[in-house]
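There are 2 protein chains.
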Amino acid sequence: MYEGAVQDLIDEFGRLPGIGPKSAQRIAFYVLEADREDINRLADAIRVVKDKVKFCEVCFNVSEQDLCNICRDAKRDQLLLCVVEESKDVMAVERTRTFRGRYHVLGGSINPIAGVGPDQLHIRELLTRLQDDTIEEVIIATDPNLEGEATSTYLARMLGSLGIKITRLASGLPVGGDLEYADEVTLGRAFEGRRSVTG
Amino acid sequence: MYEGAVQDLIDEFGRLPGIGPKSAQRIAFYVLEADREDINRLADAIRVVKDKVKFCEVCFNVSEQDLCNICRDAKRDQLLLCVVEESKDVMAVERTRTFRGRYHVLGGSINPIAGVGPDQLHIRELLTRLQDDTIEEVIIATDPNLEGEATSTYLARMLGSLGIKITRLASGLPVGGDLEYADEVTLGRAFEGRRSVTG
Chain A
8 MYEGAVQDLI
18 DEFGRLPGIG
28 PKSAQRIAFY
38 VLEADREDIN
48 RLADAIRVVK
58 DKVKFCEVCF
68 NVSEQDLCNI
78 CRDAKRDQLL
88 LCVVEESKDV
98 MAVERTRTFR
108 GRYHVLGGSI
118 NPIAGVGPDQ
128 LHIRELLTRL
138 QDDTIEEVII
148 ATDPNLEGEA
158 TSTYLARMLG
168 SLGIKITRLA
178 SGLPVGGDLE
188 YADEVTLGRA
198 FEGRRSVTG
Chain B
8 MYEGAVQDLI
18 DEFGRLPGIG
28 PKSAQRIAFY
38 VLEADREDIN
48 RLADAIRVVK
58 DKVKFCEVCF
68 NVSEQDLCNI
78 CRDAKRDQLL
88 LCVVEESKDV
98 MAVERTRTFR
108 GRYHVLGGSI
118 NPIAGVGPDQ
128 LHIRELLTRL
138 QDDTIEEVII
148 ATDPNLEGEA
158 TSTYLARMLG
168 SLGIKITRLA
178 SGLPVGGDLE
188 YADEVTLGRA
198 FEGRRSVTG
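First to last, the protein sequences are chains A and B.
Per the working numbering, the very first residue in the first sequence carries number 8; after that it's consecutive.
Per the working numbering, the very first residue in the second sequence carries number 8; after that it's consecutive.
Treat each hint with caution, since some may be false.
Because identical chains cannot be distinguished in the list, a pair is counted as satisfied if it fits within a single copy or across any two copies.
[What the hints assert, rightly or not] Below 25 Å or equal to it, Euclidean Cα-Cα: the simulated SDA-like pairs (lysine to any residue) are:
1) Lys82 / Arg102
2) Lys57 / Leu23
3) Lys29 / Asn118
4) Lys95 / Gly25
5) Lys172 / Arg104
6) Lys95 / Asp150
7) Lys82 / Glu132
8) Lys82 / Lys172
Hint data in this document are derived by calculation from the structure and do not stem from the laboratory.
Remember, it's a predicted structure, so these values are computed and weren't measured experimentally.
Could you build all of it, start to finish, from the sequences and the hints given here?
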C-alpha cells in the first residue's frame, strides 16, 4: 500500500501481538514523526532485551544474570515454591505482596491443541528442584482456565507421591465484584470453597 | 517492576500511541521469546523508516524520494487537487479508486487548543501551488470533525478569491449503516445534502 520502508514498518508492527493493521499504521506514522532520539531508544531497547535478558537457571523467570533477583534473594522463604505459567505471573503474584517464597516458571501450560505437552514445559526441572531442595509446600498458581487446570491436575498427580504439601490457588468471587454478575462456574467454585466465618 | 532491560522495553512500547501498560508488557515478552531474526527485522524497520522516509517536496505525502510516487505519476489528473490532513488520508482516498488527481497534505488540522494554527500547516505551500499550477478544482477532504471543519472553512475563505472551484466532501449517512443509529448531526447533514433521484 505505502512505499517500501513505511509499509515494511507497518507489517513489522502488525506482527506484534494485539496490534491490528490500523494500530500498526498509527504507530508507524508516530515513529515517522517522532524525534529521532526517542526512536533510537525504542530500537535499542528491542535489541538490548534480546542481548541482555535470559532466563533464570533455577526458576526460568526472566533475568539479566544467571540467577534472577528472586532466586538470589536469601531473605525469601526457601520452603515455599509457587509454580506459575509465565514470568508475567511472577510479577502479578509479587504485586500482591502476600507471597515471600520462590517461584518456578513452567513456560506455558499444557495445551494439546497447540501441541504443548508436559515435555515442552519446565516440569522435569521442577521435579529436580523438589528432590534437591527442602521445599515444604508447592503452590500451583496456573491460570484458572482449561489449560491451567489441566496443567494443575497433571502437576498434582506427578508431585503427589513426593510427600510435599501441594496446594492450588482458591477460585471464587473476585473482590469488588458483584455476585449477580459472576459466571456460574465461578459462583459454583465460590460455594465449593466456602469458609467458616464463625470461630 | 521488572529488571532493567525488560522494564525499559515495556516503557518504550508504552510510549507508542494506543498501547497501554498491559499491551506493552505483552509485546515486550513477545519480543523476548521471538526469534532473534524477526526482532532484528523489527528494530531495523524502525531505524530505516527514520533514515529513508521523508516528505514529498510538492505535496508533503510520505515518500522515499524527493517527489512521492503520486506526484511523479504523469498519468494523474493535473487539474484536480485533493487537500487532506495526513498521509494516512491519502491512502484512504486512494483505496476508494474514485480520485485520479493529486494531493496536498496539510500535516494536521487547525486546532487552537493544541496550539495548531494555519501557520503550522502546509497552507502557504498550497497557495503557492495553486498560483503556479493550473488547477481547476480543489477538493477539501479534511476530517468531518470540529478541527477538520474549521480547517475547511479557513481554506474555503483563503482560496475563495483565486477563481478556482472549491468543493468539500459530502457529509451524510455512511453506506451500510442504519438510519436509526445515525447521530443527529450526520442525519441532519444527510437531509441538507439530499439529492434528486428522479431525472
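Homomeric proximity label, Lys82 with Lys172: Cα distance no greater than 25 Å: within (22 Å within a copy, 78 Å between copies)
Between Lys95 and Asp150, at a C-alpha cutoff of 25 Å, which is it: within one copy, between copies, both, or neither? within (12 Å within a copy, 40 Å between copies)
Between copies, within a copy, both or neither: which fits Lys82 and Glu132 at Cα up to 25 Å? Within one copy, since 23 Å is at most 25 Å while 67 Å is not.
Have a look at Lys172 and Arg104 and pick one of within, between, both or neither, based on CA distance no larger than 25 Å. Classified as within: same-chain Cα gap 22 Å, cross-chain 68 Å, threshold 25 Å.
One pair to classify: Lys82 and Arg102, alpha carbons no more than 25 Å apart. Within, between, both, or neither? Within one copy only: 17 Å inside a chain, 61 Å across chains, cut-off 25 Å.
Using 25 Å as the alpha-carbon threshold, which applies to Lys29 and Asn118: within, between, both, or neither? between (31 Å within a copy, 23 Å between copies)
If the cut is 25 Å between Cα atoms, do Lys95 and Gly25 qualify within a copy, between copies, both or neither? Close inside one copy (16 Å) and across copies (21 Å); limit 25 Å.
Homo-oligomer pair classification [Leu23, Lys57; C-alpha up to 25 Å]: both (15 Å within a copy, 20 Å between copies)
The structure is consistent with each of the numbered hints, conforming to all of them.
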